[in-house]
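J.: Please put together the full structure from these sequences, using the hints given.
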Amino acid sequence: MSGPKLSFDQPNRYIGQPVPRADAQRLLMGRGRFVDDMQAPRMVHAAFLRSPVAHGRIVSLDVAAARRMPGVVAVITGADLVGVVEPYVGVLSHLAGLRSAPQMPMAVGRVRWQGEPVAMVLAQSRAEAEDAVAEIHLDLEDLPAATDMERALDPDAPVIHPEFGSNLAWTRTVNVGDVDAALKGQDITIVEREFRFGRHTGVTLEARATLVEYDPAEDQLTVLYSGQAPHMMQFIFAKHFGMLEENVRVISQDVGGSFGIKIHTYGDEIAAAAAARMLGRPVKFVADRFESFMTDIHARDHAVRGRMAVGRAGHIVALDFDDVTGIGPYSMYPRTSAIEANQVLNLTGAPYVVPNYRATSKVVFQNKTLMCQYRAVGHPIAMAICDGLLEEAAAAIGMDPVEIRRRNLMRDDSYPRTSASGMKLDDLSHQKALEKLVEMMDYARLRENQARLRQQGIHRGIGFVSMVEVTNPSPMFYGIGGAPIASQDGATVRLDAGGGVHVSSSVTEQGQGTNAILQQIVAGVLGVDIARVKVTTGDTRTTPYGGGTWASRGAGIGGEAALLAAQALKEQVLDVAAVILQTQADKLDVADGSVVDAGGGAARMTLSDLARTVYYRGNELPSDMKPELVATRHYRVTDMPFVFTNGAMAAEVEVDVETGFVRVVNFWAVEDCGRVINPRLVDEQVRGGVVQGIGGALYEECLYSEDGQLLTTTMADYLVPMAAEMPDIHVAHIETPTKTSILGAKGAGEAGTGGAPAAVMNAVNDALRPLGASIFQMPMTPARVLAALGRAGH
Amino acid sequence: MPETRDITLTVNGETVTATVPVRLNLVDFLRNSLGLTGSHVGCEHGVCGACTLDVDGATTRGCLMLAVQADGCTITTVEGLPAHGMAGALRAAFTERNALQCGFCTPGMLASALEYIGAGGAADRTAIREHLSGNYCRCTGYQSIVDAVCDVIEGRARA
Amino acid sequence: MKAADFAYRRPADLAGALAILSAEEGDIAPLAGGQSLMPMMNFRIAQPTMLLDLADVAELRGVTAGPDGLRIGAMTRYVQLAADPLVTQGAPLIGLALPHIAHAAIRNRGTIGGSVALADPAAEMPALLLAMAARIELVSLSGRRVVAADDFFLGLYETARAPDELVAAIHIPADASRRRVGFYELARRHGDYAMAGVALTAGGATGQPLASPRIAFFGLSDRAVRATGAEAALKDAQPAGDTLGAAVDSLSALPINGDLHAPPDVKLKLAGVVLRRALAGM
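Chains as they are written, first to last, in the working numbering: chain L, 2 to 795; chain F, 110 to 268; chain B, 13 to 294.
Misleading hints may appear alongside valid ones.
Which stretches of chain L does chain F cover? Using the computed rule of at least three CB atoms under 8 angstroms from a CB of chain F, they are [what the hints assert, rightly or not]: (1) 200 to 212; (2) 508 to 517; (3) 625 to 636; (4) 690 to 697.
To be clear about the criterion: a stretch of chain B counts as covered by chain F if any three or more of its residues have a C-beta under 8 angstroms from a C-beta of chain F, and this derived list gives those stretches [to be verified]: (5) 52 to 63; (6) 114 to 122; (7) 199 to 205.
These aren't lab readings, by the way, just hints derived from the structure by calculation. Keep in mind it's a predicted model, so treat the numbers as computed, not measured. C-beta: ideal position from N, C-alpha, C; glycine also.
T.: What follows is the structure in structure tokens.
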């Protein structure tokens, strides 16, 4: 561990400054470059026939009439791709026992979820492609469907993959200490609750989209891809098309939101690419909103029975839960669908001292849309279980929810240490974050206000969460298990003749400001004006190799790589300058785009002069000096499996007990993501995350009929948070830099989404408690809140 | 053969004449026929607001209007917003407040915000939130967008 | 998705429009503001064979006031209703409800006639018309007829309009300008279709007993529905105490359907809440 060794507050040091994003103006002028903005000569449009049922056998599939429709270039079925696309299986070796069946991009023989692609029409326009889809004749024999995850393991449940003998995909138990003994202890209070978490999906405003070109002359596949992980997709296309990886180029330009939705292998996208190869002409596929709801990965569908025992002084004695989650008929490729459950096991209780911890998760197959990793994977569930039980326990022993946290949160001076589940923890600040939160929200006054309003029949509640977030993952997350997912990232920093600097990085931009923070870091390290730094991301041909965007790693890993590369370039610059200026490199520095005398001295030569000397007049340099003025560095986290962040959040809600409507009145978040590179970007990441979390807590749910028909297929049915119902969100920071890097930055992208649901749920229960009601099911819809009140006799 | 119609309209100050299939909606026409890809398609059922643009001085969902219905209309898309004045100030405020992340909602958000500001709307956060309630943003949490609109109304933002 | 193909006609006047309606075969969809029709067409839920664009039909536009009340042309947009003092004074219930209807960009194009003709059970406008005792003017080649709102909304997207008729105008009775009005809806998000909503009008001065109340709910049933039981309970009474309780209790006789987000019992409960709250605002 190198520890912080840079000063971040010198001229041109942009780290920590609220620098506006360079990308913003372009997007504000309507000059974004999203996939569907692109056209290619001879491009055809794909539309899909999808399974109308959750489970069925394809009796016949007749595409002859569709082929005759106007504008149709080709119709391709699942069977047509056998031998063209190698099937894929979503398992990883470090998730011992995880099993899944081979998947093809489009169904072959059997359909296993409503929405599964069955056949694809390629036509001159999307409208014509859809016209032809309507002319495909699909005859299905309905098969019994296993849709309810809680019944999917019943002996009489239909088994989706008969070769497995049951619908169990994976199970794991964590058992630390002796829970059974602890639960028999003296003077303890046990609370037991049943939690339910509804299925969510990402609802990226830009739907999944791809435009694929194939050049048979060079066996070259070029994929414009609205996604997060270009190198991962390069591997997948190459492997499953039997191509050389270098012949596959994946480009992500502007991406209209991702949130973990756009980092998976979707059959329709693979099929579109296969069609481009088969037809030798460009194919565009843009999911419509129906398709997004039906086929983007879902997440969060968990049912948990949990209990917590606390001693008289409020100390946690034991935490124990059983979790079941349904993931659809396959484990998603290549990240697998067991990670979410694994995160729940790993993260529950992680902020607290939990001496006895036992948790089991069962991951089951079912005939619904596939579930996989979505923003804050597993976190909202883990935080709601522990902090939900903790606040119930506090109420049971008559202790304030802040006080019980003070007594159980790990002490800020107690690191490094491990969590109950064995996670390595360091550089966290739970206690400080909680105190800052309490101060920021003026807790005592809020409680007074709550009591006063209650006299008037207004039911407000205040709820908290103390949380961790997994960020900056090491190879222990995926790579160890055999996934083609890089945990390291690279940056190349180049000084050009004009004095401008170019950064090329393998982390990617979906609006979170990756490009901006790379500029800030590189400009700061090199000592140049930020406007002179240009950034390229999202192109497997022109950037270093890396993982892209996932698990809140862009700043912490991609940023560190850029920092290291900029440092290396600066060393080269100073070496050259020392020769030209006939001095020693350590007597020089760079500031404002010029080589200067170290210690704030006079400008000696501009970087442009230096670069022009190197590039045009190498004759002026000694013959043994071969400067490159370009440096590449890669970085991975080596000392920890993940770099955890922590946060403390609170929600104030008002429950309309007549209608069951819940309004979030106030929300506060204190976040410790280590070094804050750009507070403006971090604050908006936190706020956007909180709103997504509020969505999960109150509004969003993929609803199904019993036979597996998705009912929420429009934005009028699946309720995302809109502006009018959302509160202003107060954000504050604590900066405890991680010792794993020079930069000291951890991730910040998922905290709000991971923490807010627990805080909102606790706040609702705080409001309901005097009425004798409680609710542990998300989203907490009016109908469910009314039902909770009804059970309490109101 | 699909039915087509000839239409003539003014788009961002230019007169445009085109032959369009009658089933083509306005936002697809602007994006795919005119190359004005600033207006985005998010849901095609009028809920998300990404395709919101200005038709004859009123915000309109580009997915809920046919191109053929726009015959004779005057249309302003995000590409046609002036660099100066209220639009310029709003862009500056969006940049300053980081009122956009991925930028996909931004053109529609600008159109709705400009309608509010142009109608003399007050720097009332609740009223602004209600006016923008037909424009979905998954990234920002909306607060910075409201901040930016307030900045323009209260004269803090300059083009 | 993209709309399935259709034929498109844009007649210059009413006679032209009615001629097409009566002469052409197939499923002809009159196109007013399109804010409900277009989403259904974009998802191919609706696949009319012909769109009859009424944009140029001057006879369907404009608001006029006469001794019998208002005549609001079917093609009057929501935004025009909100801005027109004839409407906000002659039909204050509409003014009260308009901010709750959808969003600004939708109100800029959506029309009163389109909403009435579609008869979405969750839409506000049919209930407003029921509460005001409005009448719907229908026109066809065979002439004009005027149908009371009570007789117009027949079921799910089903109205008394014959296929060869157009909704020409909405007539608001003169007393609508003088009657007390109440409106309340519960929508999860601003501008959403309501989980339950109510519109009502009554005679009598503020604070006085409710004279001849008219109460209409939306979002509960397969159409906007009059709550005649509640009207009877509240007639010539103060909306309080046992009277109000009886009015709320009477709602259990309404034909209430559940939907994705609320089963019938929840809808019934919410109906009682919106009724109480709407009355409290009068």
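J.: Now tell me, hint by hint, if it's right for this structure.
T.: Evaluation of the provided hints:
| no. | hint | in the structure |
| --- | --- | --- |
| 1 | 200 to 212 | holds (count 6) |
| 2 | 508 to 517 | holds (count 4) |
| 3 | 625 to 636 | violated (count 0) |
| 4 | 690 to 697 | holds (count 4) |
| 5 | 52 to 63 | holds (count 3) |
| 6 | 114 to 122 | holds (count 7) |
| 7 | 199 to 205 | holds (count 3) |
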